[in-house]
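Trainee: If you want the building blocks of each chain, they are given just below.
2 protein chains.
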Amino acid sequence: MQEKYIDKNFSSLISDLQKLIRQPSVSAKNLGLEECSRLIVNMMKNSGIHAELLYVKKGIPPAIYGGIKSKQNPNKTLLFYNHYDVQPEEPLELWDDKPFSGKIKGNKIFGRGSADDKGELITRIKAVEAFLKTTGDVPCNIKFFIEGEEEIGSVHIEDYLKKYQKKLSCDAVIWEFGYVDEKDRPIISLGMKGLLYVELSKMESIRDAHSSLAVLIENPAWRLVEALKTLRDEDGTILIKDWYKDVVKFTKQDIQTISKEPFDSVSFKKEYRIRKFVGNKTGLQIKKALVGDPTCNIAGFTSGYEGPGAKTVLPSKALVKIDFRLVPNMDPHKQLARLKKHLKENGFDDIKVIMIHGEAAARTSMSDPFVRTVKNAADESFGKSILSVSSAGTGPMFSFVKFLHSPCIAVGSTYVFARIHSPNEFARIDLLKKTTKCMCKIIRNFALV
Amino acid sequence: MQEKYIDKNFSSLISDLQKLIRQPSVSAKNLGLEECSRLIVNMMKNSGIHAELLYVKKGIPPAIYGGIKSKQNPNKTLLFYNHYDVQPEEPLELWDDKPFSGKIKGNKIFGRGSADDKGELITRIKAVEAFLKTTGDVPCNIKFFIEGEEEIGSVHIEDYLKKYQKKLSCDAVIWEFGYVDEKDRPIISLGMKGLLYVELSKMESIRDAHSSLAVLIENPAWRLVEALKTLRDEDGTILIKDWYKDVVKFTKQDIQTISKEPFDSVSFKKEYRIRKFVGNKTGLQIKKALVGDPTCNIAGFTSGYEGPGAKTVLPSKALVKIDFRLVPNMDPHKQLARLKKHLKENGFDDIKVIMIHGEAAARTSMSDPFVRTVKNAADESFGKSILSVSSAGTGPMFSFVKFLHSPCIAVGSTYVFARIHSPNEFARIDLLKKTTKCMCKIIRNFALV
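Chains as they are written, first to last, in UniProt numbering: chain A, 1 to 449; chain B, 1 to 449.
Only true hints are included.
Since the list can't tell identical chains apart, any single copy or any two copies may satisfy a pair.
With a straight-line Cα cutoff of 30 Å, these simulated DSS-like cross-link-like pairs (lysine-lysine) come out:
#, residue 1, residue 2
1, LYS249, LYS311
2, LYS276, LYS344
3, LYS229, LYS341
4, LYS384, LYS288
5, LYS441, LYS402
It should be emphasised that the hints constitute simulated quantities derived from the structure, not laboratory data.
Please construct the entire structure, taking both the sequences and the accompanying hints into account.
Mentor: Listed below in structure tokens is the structure:
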């Protein structure tokens, strides 16, 4: 019944998505956030969903709360987590149409946010609308929590979750994104890695010196090179004492699932034009690493003269940005303490360490019944789907687990090559429709369990 | 006699220097070079010196040649090497007056080029003028060679020296600069270090990747860190095989001279706000290092995200600029080959090495009679002076030795705190007068030997 409604009213999903795309909402620039949040509240109301804005602090983009109490099944609650902010649209010159055009070409609708995350959001609103318009009820309680700072690191997510813990309480969470692979199989992801993002800096002199003085004045870039070299070996293994101590081992079920995940080494190498993988990984090693390996990545290094040609300068300072991906049970603050201890014990106490961001990893257990619920719905809607123990990326899933104590699963409509965060981002129209129907099935299945 | 002339006509030296300062001649911007060179030719002609412009290639700033044949002593030739180009005047906001003002305040004349190198040049022109105007002759042949690209690395100096080798032939060279220390003692420098400036770069992928892929894609910044760590130990010793093989050892006379050079560790550390020297050097070690230690300095390192906050990026490329200071007998090309061999043998053949600049070191022997000639003149003029085996800096002295086969000695009027290359550059008027007289004494002494 809902599926028919979706087919019949699909043009309104597309035109609503266009409206959303055409309202820029760039959190990094604090652009259009309030406007976009109000637009969504109205759209949800038009779909029959109670919606309101939530606030934690002045000057911070509001979040949107949405809710409908189920008459038939008021004791089970499913929460949809989404975000209405988008990545900056730059570089402008690489867009074929205007970044916020919402232009349709064949099976694609283009524009910043078309996939990430306005496309995902619209499928969920429209799935709920389908129930309300066809039955006047929903199979279980539905809640929406839509934040406006995801693209800048969900900086106030815990403030929201803490303040509105009761309002947002639920039994399960559908995460804000979900990929569909090149064979049209949804990838159902059960977890996200954590992140410890730090800045290591060394200030030697008060100003750049003539490099002829390198015989006397210590070079801060050299200091960082020396310190960095002690952190990681050439295969990517992190050499900091006890770095892996708290890491949870894979279960047998995890390994089984991981081994079934598809990964096309040849295409991947071609895509990035690389010849080999870090540590010469092959086969299952690759898949296990994506799901479960902590990393120590140099995200940025800057010191001295960076222009063309030669400048004989001895830099006064050097700075490196490192992102450590974490896996379940690594605590960002504990790992930070281990890093600091390591530097101190290796004689690098002259290097300043600042934590920019810390976020623990989270994973929903493979044996949680919600996994089966989602997997069945996806298989039914798409013919097949893929379970993934964890995404290689990071999101605030741990905060949701911490405050809402619910399993979180990522499933959605975003084609893997949809160019999210890049020019010419698009959503595939066929996937939007399939996913809307899939969301109906998830709601239905979830209500039954 | 010449000294009296200089005293009497000193105001013309100052006003001519002002004219030179007020004619901007920034080689890095190709600004005012032709105009400045013509101004100098006219000024030299007014002093009675034959002067003309030299050219090697179209589009390259001309050099200036000046010459007077001596009637009394036509078999000995002294050449003055100078440059008429100046450093860029930026940052503008830090200048108290306009950068090309030539403004006089007390004992100082301000402006870009006032010391480096227009102040030096004017003392030499006026010293020669003093002989011509008082005696109608010079004690020996005098030549001037004034280039317009010193501040951008004297890029065509060898083209000039080769093409005009005969015209510029001489028995000794007075180098373009010379410092006077805070106790008003000229530092007579007999050499300059060489330089090998290279860029090491690593390109991994074709574009930046999401850093969650750090488990698979090698990080080029890590590759450079690993390669760099093999080049140098924490005390500054270079670990490349045979790097020091060709280095000429100090003579006993060198060591004696070096040990007499003043160096104020306390002031130096205060000036740069550092607590210790590389390798914990003290006393004679410091002085020996400044004169004779090769270095491996990171002049710049750039990779990935360098802005504020966090960006989880896996950079596609990384680049480091290294300047190796060389000492006599190190050949830049030979050292480059050693660096490349080292990288290859250590498994870093994926790292690209580009040579940006190479220049060998040069030193005039302590036992060369020209040393005594200059030292005596400086002692007479200033009461005392300091001999230095070599400057810690680099200049094209080796090219002069190669083509002109003559001893080169740096002696001049530039106060050590004259802020050359910086805002509010100035020349001290008292030192300009003393140095002009000192140049007369050098010419006289040289003619006699």
